[in-house]
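Trainee: Single-letter residue listing:
There are 2 protein chains.
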Amino acid sequence: MSLLSCFELGIVDRLRDNPGMSATELADAVGTKPDAVEQLLFLMVKEGFVAHDETSGGYALDALAHVEEADLKRALRYMNLIKVTALRQLFYLTESARTGTVVGLKELYGAGGTLYDAVADHQDLNDAWLPLMNTVTANADPWFFDRIEIPSGAQVLDLAGNTGLGAIHAYQYKKSPGLRVTTFDLPEKEAEALANFRAEGLADHLSFVGGNVFDSIPTGFDTVLIKHFLDMFDRADVLRILRGVHGSLNPGGQVHILVPVYPEDITRTDNYNVDFFPAFFIGCTMGQGGPQKLSVYQRWLEECGFTVTNAVTKDAAEIPPDVIPVQAVISATKNA
Amino acid sequence: MSLLSCFELGIVDRLRDNPGMSATELADAVGTKPDAVEQLLFLMVKEGFVAHDETSGGYALDALAHVEEADLKRALRYMNLIKVTALRQLFYLTESARTGTVVGLKELYGAGGTLYDAVADHQDLNDAWLPLMNTVTANADPWFFDRIEIPSGAQVLDLAGNTGLGAIHAYQYKKSPGLRVTTFDLPEKEAEALANFRAEGLADHLSFVGGNVFDSIPTGFDTVLIKHFLDMFDRADVLRILRGVHGSLNPGGQVHILVPVYPEDITRTDNYNVDFFPAFFIGCTMGQGGPQKLSVYQRWLEECGFTVTNAVTKDAAEIPPDVIPVQAVISATKNA
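If you're matching them up, the sequences are chains Y and B in order.
If you're matching positions, the first sequence starts at 1 in this note's numbering and goes up one per residue.
If you're matching positions, the second sequence starts at 1 in this note's numbering and goes up one per residue.
It is possible that part of the hints are untrue.
Intra- or inter-copy, both count: the list cannot distinguish identical chains.
Stated by the list, open to error - Taking lysine-lysine and the BS3-like style, the derived pairs with C-alpha atoms no more than 30 Å apart in a straight line are:
| # | residue 1 | residue 2 |
| --- | --- | --- |
| 1 | K106 | K83 |
| 2 | K174 | K106 |
| 3 | K83 | K73 |
| 4 | K174 | K334 |
| 5 | K175 | K106 |
| 6 | K73 | K334 |
| 7 | K175 | K83 |
| 8 | K189 | K174 |
| 9 | K174 | K83 |
| 10 | K106 | K334 |
| 11 | K174 | K293 |
| 12 | K175 | K73 |
| 13 | K83 | K334 |
| 14 | K334 | K293 |
The set of hints was computed from the structure by calculation and includes no laboratory data.
Using the sequences plus the hints, can you model the full thing?
Mentor: Structure, rendered in structure tokens:
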């Protein structure tokens, strides 16, 4: 928060525009006291983000001067997500784990459901969450579609496809004669999804079916996509979903899953999913869930009547160090 | 919070008593779901706190098995302090820096003042804060009194001495014929201070004067002690306090200060004061303040008419790594 506060107060932007400003000049510019500016900048100097000239008393960006704007924006989005959707909520982590509900959302927002419910009613939560989700999707989808095959003319179901972005991407990346992609999600998403399809000029190729994955999933598909979804649930519900998908697929049909995974060697230090997701899912978003190891998802798919044909974890070295989800793609074929 | 939650849920205690328990057994024992236990323990395994036997599925304490109980209790007190007095409050750090007030206390507790005011009305804040403050005092006072001299029979003032613990320690560590120690603090502390003096059988040697350091400090003292206090204020108020102390001392009198300090080389990694205190004082306790470097306190003392005679920072290597305040003692004589 010391770092984020230096951004929120505008200290970093002032130093970018005017290197060498003193604590007093910065305080005047951003509307606080010089003492507070000095205190907050101590840690920035310790970490090498900001430089301090002891003789002149002036501050200047140090490492922060060399961060590309796109990288900075993305990192700030992550910091803001954690601030708004997690920092206060995690105070209630233990109670959330005990009850299987997001106690922090209830205490802080009076919201009884999940974060995904609460973003509809609370602008601050939505503003912190949506830009990051869009960034994650924009970064992950090209990688995902590059690693899966969708047969020409296939009937595709995008499970829990929200308002249709996944269906649009699927059609754009995998276009073929007769290809049809159906978004399946709660009925209240239908109007916005159809509007999105029309806006992209894809209304003839994309459709929407309303329903709940735990009730019944529509049938007759060659391919089912499950993106950013399985990690939201405990084992029993993941198995229910996978069995439902099994029923929705034609014989020989395929499911392609995009999901963050823990490393097989849990002690690896280059994968931050373990540091972030357990507390985030249990205490901040769902009151349950969390990613698994790739091998666990493979085993669960086999238990549900699939044969895994491909399973690849993204190389952590390809992911900017501020980005938390290390994703995997898992493809599996419905057993005869 | 993932770590603290494993303690709060009782998972660590169960594993200490019964190494090898599975996630299901642990979940039954502590009243949550096996899925949540697994998720929360992933990070414990990554960090080497807990071991997981992949074959049996059993968990056992790893590094946590070798932590002395006293060390563990102290570290848990720190974690609980940060959870209760800082985690949610820091969401409002930027607003606190802008307003010079603890916005988090107001938003979360409806409390208009400082943390030191709020602990009187809010049991959870007090329960998190007081045991830690007592630990800090118990650890710091022997070191502090070992490094200062109080003349035989001196008249001593313990500035902002709260309910008298500092006066009691001063008498016990520095007893001499005629030694008299006066606690100076807000009038509402008097009754409890006097009761504490009586309980220790020291009512003949200790006394209490009610007042506010920013109004007028009683005069005629040979020695003034300022412990855990200067770091609560911005520069202007620290100077007001030091000038007031100057006025309260007899010619040639001495002030002895115990205060956390930042290292002279701010980039040193073995002093966590820089990581913790700016955000803690501005966002969680005072809406202002924070420690300074030892050299800054020395300079401020010289500005206020003192000659510094001794200034020692505690060796960070002597402090357990979970303990945040790296303290210094500074002694100075009132100039003629």
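Trainee: All the hints need checking, so say for each whether the structure fits it.
Mentor: Outcome of the hint check:
Taking the closest pair of Cα atoms, K106 and K83 come within 30 Å of each other both inside a single copy (17 Å) and across two copies (18 Å). With identical chains, the CA atoms of K174 and K106 are never at most 30 Å apart, being 42 Å at best within one copy and 54 Å at best between copies. Proximity of K83 to K73 under the C-alpha cut-off of 30 Å is found in both arrangements, the shortest distances being 15 Å within a copy and 28 Å between copies. In this homomeric assembly, K174 and K334 come within 30 Å of each other (Cα to Cα) only inside a single copy, at 21 Å, whereas the closest approach across copies is 82 Å.
In this homomeric assembly, K175 and K106 never come within 30 Å of each other (Cα to Cα): the closest approach is 44 Å inside a single copy and 56 Å across copies. In this assembly of identical chains, K73 and K334 lie within 30 Å of each other by CA distance neither inside one copy nor across copies; the values are 42 Å within and 53 Å between. In this homomeric assembly, K175 and K83 never come within 30 Å of each other (Cα to Cα): the closest approach is 39 Å inside a single copy and 51 Å across copies. Taking the shortest alpha-carbon separations for K189 and K174, only the intra-copy value of 24 Å comes in at or below 30 Å, while the best inter-copy value is 75 Å.
With identical chains, the CA atoms of K174 and K83 are never at most 30 Å apart, being 37 Å at best within one copy and 48 Å at best between copies. Neither within a single protomer nor between protomers do K106 and K334 lie at most 30 Å apart by alpha-carbon distance, with minima of 40 Å and 57 Å respectively. With identical chains, the CA atoms of K174 and K293 are at most 30 Å apart within one copy only, with a shortest distance of 28 Å there and 62 Å across copies. For a Cα distance limit of 30 Å, the shortest separation of K175 from K73 qualifies neither inside one copy, at 32 Å, nor across copies, at 61 Å.
In this homomeric assembly, K83 and K334 never come within 30 Å of each other (Cα to Cα): the closest approach is 42 Å inside a single copy and 47 Å across copies. For the identical chains of this complex, K334 and K293 are intra-copy neighbours only, at 21 Å inside a copy versus 67 Å across copies, given an alpha-carbon limit of 30 Å.
Checked against the numbered hints listed earlier, the structure breaks hints 2, 5, 6, 7, 9, 10, 12 and 13; every other hint is satisfied.
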